[in-house]
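S.K.: If you read the sequences in order, they're chains A and B.
Letter by letter, the first sequence follows residues 1 to 389 of this note's numbering.
Letter by letter, the second sequence follows residues 390 to 535 of this note's numbering.
One or more of the hints may lead you astray.
Unchecked claim - Below, a sample of chain A positions facing chain B; criterion: calculated Cβ distance under 7 Å:
(1) K112
(2) T121
(3) V124
(4) E253
In case anyone wonders, no lab produced these hints; they're calculated from the structure.
Built from N, CA and C at the ideal position, the CB exists for glycine as well.
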Amino acid sequence: MWLSLLLAPVPPALAADPGSDLQVHGFATQGYVNTTDNRFFGDSEDGSFDFTELGVNASYKATPSVLFSGQLLSRSAGDMYDGSPTVDYALVDWNIVNTEEYAYGIMLGRIKNTLGLYNDTRDVAFTRPGIFLPQQIYFDTVRNLLLSADGVHLYGRFYTDLGSVAVNFGAGSNPVDQNVETSYLGADFPGGMDSDGVSFIARAEYETHDGAWRMALSGAKATLAFDSRYPSLIGSGEIDLLYWVASLQYNAERWAVTAEYMEEPVDFDGFGDPVDDRDSTVQGYYLQGSYLMRNDLELVVRYSEGFADKDDRSGRKMSANSGGWAPPHSFYQKDWVLGLRWDVTPNFMLRAEYQWADGTWTLSRRENPVPGDTEKNWEMFSLLGSYRF
Amino acid sequence: MPLFRSKTRITGLACVLSGLLCTLPVIADQVLIAHPSVGESEVSLNTTRLVFSMQLGQWPNGTRTRVFVLPDDSQVHRAFTKDLLSLYPRQLRRVWDRQLYSGTGQAPETVADETEMRHRVATTPGAIGYLSSEMIDDRVHVLKIR
Numbered sequence: 001m002w003l004s005l006l007l008a009p010v011p012p013a014l015a016a017d018p019g020s021d022l023q024v025h026g027f028a029t030q031g032y033v034n035t036t037d038n039r040f041f042g043d044s045e046d047g048s049f050d051f052t053e054l055g056v057n058a059s060y061k062a063t064p065s066v067l068f069s070g071q072l073l074s075r076s077a078g079d080m081y082d083g084s085p086t087v088d089y090a091l092v093d094w095n096i097v098n099t100e101e102y103a104y105g106i107m108l109g110r111i112k113n114t115l116g117l118y119n120d121t122r123d124v125a126f127t128r129p130g131i132f133l134p135q136q137i138y139f140d141t142v143r144n145l146l147l148s149a150d151g152v153h154l155y156g157r158f159y160t161d162l163g164s165v166a167v168n169f170g171a172g173s174n175p176v177d178q179n180v181e182t183s184y185l186g187a188d189f190p191g192g193m194d195s196d197g198v199s200f201i202a203r204a205e206y207e208t209h210d211g212a213w214r215m216a217l218s219g220a221k222a223t224l225a226f227d228s229r230y231p232s233l234i235g236s237g238e239i240d241l242l243y244w245v246a247s248l249q250y251n252a253e254r255w256a257v258t259a260e261y262m263e264e265p266v267d268f269d270g271f272g273d274p275v276d277d278r279d280s281t282v283q284g285y286y287l288q289g290s291y292l293m294r295n296d297l298e299l300v301v302r303y304s305e306g307f308a309d310k311d312d313r314s315g316r317k318m319s320a321n322s323g324g325w326a327p328p329h330s331f332y333q334k335d336w337v338l339g340l341r342w343d344v345t346p347n348f349m350l351r352a353e354y355q356w357a358d359g360t361w362t363l364s365r366r367e368n369p370v371p372g373d374t375e376k377n378w379e380m381f382s383l384l385g386s387y388r389f
Numbered sequence: 390m391p392l393f394r395s396k397t398r399i400t401g402l403a404c405v406l407s408g409l410l411c412t413l414p415v416i417a418d419q420v421l422i423a424h425p426s427v428g429e430s431e432v433s434l435n436t437t438r439l440v441f442s443m444q445l446g447q448w449p450n451g452t453r454t455r456v457f458v459l460p461d462d463s464q465v466h467r468a469f470t471k472d473l474l475s476l477y478p479r480q481l482r483r484v485w486d487r488q489l490y491s492g493t494g495q496a497p498e499t500v501a502d503e504t505e506m507r508h509r510v511a512t513t514p515g516a517i518g519y520l521s522s523e524m525i526d527d528r529v530h531v532l533k534i535r
């Protein structure tokens, strides 16, 4: 009987290539960072290889409208991230209606936050416009807070004569880690921080049919609760934040221009003085141009600025509030980046980048615990190799 | 690109030599192809873009779409993307990567060359792909973009 089963013709369903229902992909990235001063992703003043990103994902299309997917990620980045594997996303996507005019659906699980143009694939080097994303908007110090949420997303896409419009709205809970706590409170105080209640995310994106113009508006709202423990110098309190980004991109055949603008009003409440006086509006923006010199060689230039408080762009007021402990230059950062990308093959890429920075605002306090020890003007050279399959 | 332009010229010359047997000049060097189960003879440009962006999961008759592409650095892929879809290969790649690495979609299947493309599209129900016009034979169904 077994023999007859083996000899029987393969049923068409099995004969069809199963590879297109189940897909496995991944990436491996290694970076090298060398700074003239200050620490960025490890002991960069001596040259640091402490920047590694590894990911593997699987997706299964159970029916034309139901997709299961998940990705494991290991990310090492200096003193901030130690490479412990995490579930980057794990979701089921039910594309309820999908026509040539519109589509809508629902996703459940751990879902990447669609913020700005790059957040949802920010750890995949091939999808970034440089070795590092502009830190003034895509902060590495609080990346986990904005990276993903466990919850639900509703989405819709509309294809009109003028282009397509995609909208999504999500609700869930955001993970909070030590980097988030240190960034918002300025130090690691005794006690613990967690996200409080449900966080929300929304995004609307418009794109012309030829993909030349893209514009998007996206935002996330979250509350962080800090539970103080003796002998903490600050009390228990809440931080309300609203992070929003406006994005615009123009793509021509050989060049592209991208601009993004971010604001994040942060409201401290219940901690007592002087923490409650730290209410501010974080601001960041950049303008980026890229030029394809050859089909496999791209030049990128970017100018970015970011401020801990848009009403105190020199950082003097915030420095005074810290009693001079943190110098003014630790509350802003302006930098130029010049980079080159070489696609050696479609699956292997090399990059080199140079950055000139004024200010140290985007540096991690975990890597640079004493703001007064940081150098105001610093430069960074970095290299990156990335493979994907 | 120069390669394909010169092919067009050669085809043109062959037409002149073969006289009236050849009446239609070659307009596009790449042709959209599909498995017969797709059940369409024409598709709109926007539908074609949606299918190649991996955003349209099934054909109007309910058959699931299976998208086949050549590698990003292939001349035929570049020419197809530009001339037939009016997109740049980088834009398609951006859309695929974004879906693939955020878990919201799948990537098209990349085939090594045009011979494999023709074989896979001819033997996979719901398949869509493209070929240089001289690679077309009766195993694949040609789709017109309207």
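S.K.: Are the hints correct? Go through all of them and say.
M.R.: Now the hints, each set against the structure:
no.: 1; hint: K112; in the structure: holds (5 Å)
no.: 2; hint: T121; in the structure: holds (4 Å)
no.: 3; hint: V124; in the structure: holds (5 Å)
no.: 4; hint: E253; in the structure: holds (6 Å)
Consistency with the previously given hints is maintained throughout, with no hint failing.
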